[in-house]
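Chemist: Chains as they are written, first to last, in the numbering used here: chain A, 1 to 409; chain D, 1001 to 1267.
Hints were generated in silico from the structure; no laboratory data involved. Nothing here was measured: the structure is a model prediction, and the numbers come from that model. Every residue gets a Cβ at the ideal spot worked out from N, C-alpha and C, and that includes glycine. Some clues are possibly wrong.
Said to hold, decoys possible - Restraint ranges, calculated between C-beta atoms of paired labels, are given here:
no.	chain 1	residue 1	chain 2	residue 2	range
1	A	Ser-353	D	Tyr-1020	38 to 44 Å
2	D	Leu-1082	A	Asp-123	49 to 55 Å
3	D	Pro-1051	A	Ala-328	29 to 35 Å
4	A	Thr-31	D	Arg-1006	22 to 28 Å
5	A	Glu-387	D	Leu-1081	43 to 49 Å
Unchecked claim - A few chain A positions that, by computed beta-carbon distances, are all more than 12 Å from chain D:
no.	residue
6	Lys-99
7	Asn-151
8	Gln-154
9	Ala-162
10	Asp-166
11	His-185
12	Tyr-253
13	Lys-260
14	Ala-275
15	Ala-277
16	Asp-302
17	Gly-326
18	Ile-345
19	Thr-357
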Amino acid sequence: MGEEERALPIVIVGHVDHGKSTLIGRLLYDTDCLPADKYSEIQKSSEMLGRIVEFAFVMDCLEEERSRGITIDTTQTFFKTSKRRYVIIDAPGHKEFLKNMITGSSQAEAALLIIDSFEGVRDQTKRHAYILGMLGLKQVCVLLNKIDLVNYSQDKFLELKAEITDFLNKLNVHPNFILPISAIHGDNVANPSKKISWFDGPTVLQALDTFKELKVEEKPLRLPIQDSYTIDGKKILVGRIEAGHVRKGESVYLLPGRKKVEVKNIEKFLENDVAIANFEESIGIRLKGRHRVKRGQILTADLTSTITNRIKANIFWMDPMGYRTGDALLFRCVTQEAPCRIEKIYRRFDPASMEFTEENASSIRSAEVADILIRLDEKVVVDPFNEIPEMGRFVLEKDGRPVAGGIIL
Amino acid sequence: MDHLTRLENKSIYIIREAYYQFKEIAMLWSVGKDSTTLLWLCRKAFFGHIPFPIIHIDTGYKFPEMYQFRDERAKEWNLNLLIGKNEEKLKEGMGPNQGSKLDCCNELKTNALKMVIKKLNLKAILLGIRRDEHGIRAKERYFSPRDSQFKWDYENQPAELWDQYQSTVEEEEHFRIHPLLHFTEFDIWDYVKREKLPIVPLYFSKNGKRFRSIGCVTCCSPIDSEAKNIEEIVEEIRISKTSERSGRAQDKENIYTMQKLRALGYM
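With the hints as extra help, turn the sequences into a complete structure.
Modeler: So, in structure tokens, the structure goes:
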């Protein structure tokens, strides 16, 4: 394993009590990634509450989480297999903590959707699956947990598998694997289990190891200006490359004004003569000539971005307080910010009860999703989410708090 | 882009975002390996000219090597270094052996920090905490609001997605900003090695012992180790089976001490 290789971020989602935190504790323990002193701390805490060793306590370490037996906030931990390193993101399964689930999922490149084999698909299973689809997560593994509670039955597994495949496909989520497991007993997590000898698929770890890091595709430059500093009398623009690359001496456009400018220098601390900077690099830029440049403007290689003050989007409402017509909102996409209103709600619905849909709605409730038209006070530069994700996703704030996330169609 | 470069670029983005959002900002420097890494990243973010003060919360119980390292770097890197101390409690004789360790940490660290924040009217402070240090820290956001009582409302943290960080502060409120959240202990050492960063010599083995985590003389114990340089530390951490803070007394008094300290405003 090369240490220079980066850790793959994976989110674990699913309905409350279906076993997310337990699975993570089990993964860490079985891969020998749980420090001995942490294990004894969990043992002690479990004993205090009169329970057997609770693997869930590895992640649920708030006092309230342990005594109530729930996950409140999203947590991250690290573990490694013989193949590579992982960042595991645990997401809470309660509806009231949906914003924490979304916070966790937005940082992931693959997902494990966990479903209790005894209870089957529940409300948060549906909401979480829907959000995975919307966030564009393509690498998904479904875990039918607590297979011990249905006597390790192959018939029950096949029945659930058919039901879940059908339901997920409707949400445009196509799982790479559907696996039977028991996190609490360790069946088919790190090691195959004799109790499900009828199953010839991979273990959770083997499935994880097939996931790939997202490939960085060659795209046209998008460099949103973050700030501007004067260092030793020189004006340096700073920002992070959200797509493509930039070269010293290159001609680029400054949007939204569509002005042509030339990159005089790429600046990095203690580095001279930087010829090129790539995707995800936080850099400094000096332009040739004098230009008025401010935060929120975008340097691009071409003119294919949309410059507009009306945006059609798909949003999910995270805040406990819903939306009512006329609420003033703030649109934030990369370093751009603009006051806005929702001009039209084409459709709103609750992913947990898909039967209910309202067209031409005037409000959006907490945990609902909606297709909307946004009207902004100023023009912004965006790209479709499917083409350049970084330029096609946004957050809506109300009174300074993030209330919704969205993707641009 | 390799792993460390990716971590570094994400941190630089967050540091610059914090400075854009808050001009009344400062960085907390404990002189340990993490906040020294953060200091280095701040130097990178601002091309060697950090535009805000660097604060050292001095409990008066730190190791002499730490004071020396602090003053040397401050000079070499031309830092605007400010020292925060709870003079009143120190005069009263506050120390880890007077009352509980929780009280001592709370007075000499948290309350000393509160005084500095009030005095400088800071709206944000940059801190070098990491998710893998402690379960409680794993739940942190990059931009983490604290109310007027310095309380952390960990049950109701703002959503944080796609690098959009909540930055609206009410009167009397401030933000803790954590640009190193995504680094692990191993990443820090690997990065210190790659960047050839200077580090307090207490981390290196002497007579078979070294410090894996440093703070106050009174509350840190060294671990058994033969690691005499950065390369050997990196190798040691790679195969280590105990957690980093196992030598830190304040984490051990009670299993929820860290949660309580953090709820009171501890770093």
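Chemist: Hint by hint, say whether it matches the structure.
Modeler: Taking the hints in turn, this is what the structure says about them:
no., hint, result
1, A/Ser-353 x D/Tyr-1020: 38 to 44 Å, "holds, 42 Å"
2, D/Leu-1082 x A/Asp-123: 49 to 55 Å, "holds, 51 Å"
3, D/Pro-1051 x A/Ala-328: 29 to 35 Å, "holds, 33 Å"
4, A/Thr-31 x D/Arg-1006: 22 to 28 Å, "holds, 23 Å"
5, A/Glu-387 x D/Leu-1081: 43 to 49 Å, "holds, 47 Å"
6, Lys-99, "violated, 4 Å"
7, Asn-151, "holds, 35 Å"
8, Gln-154, "holds, 37 Å"
9, Ala-162, "holds, 34 Å"
10, Asp-166, "holds, 30 Å"
11, His-185, "holds, 24 Å"
12, Tyr-253, "holds, 22 Å"
13, Lys-260, "holds, 26 Å"
14, Ala-275, "holds, 16 Å"
15, Ala-277, "violated, 10 Å"
16, Asp-302, "holds, 23 Å"
17, Gly-326, "holds, 21 Å"
18, Ile-345, "holds, 21 Å"
19, Thr-357, "holds, 25 Å"
When the structure is compared with the earlier hints, violations turn up for hints 6 and 15 and for no others.
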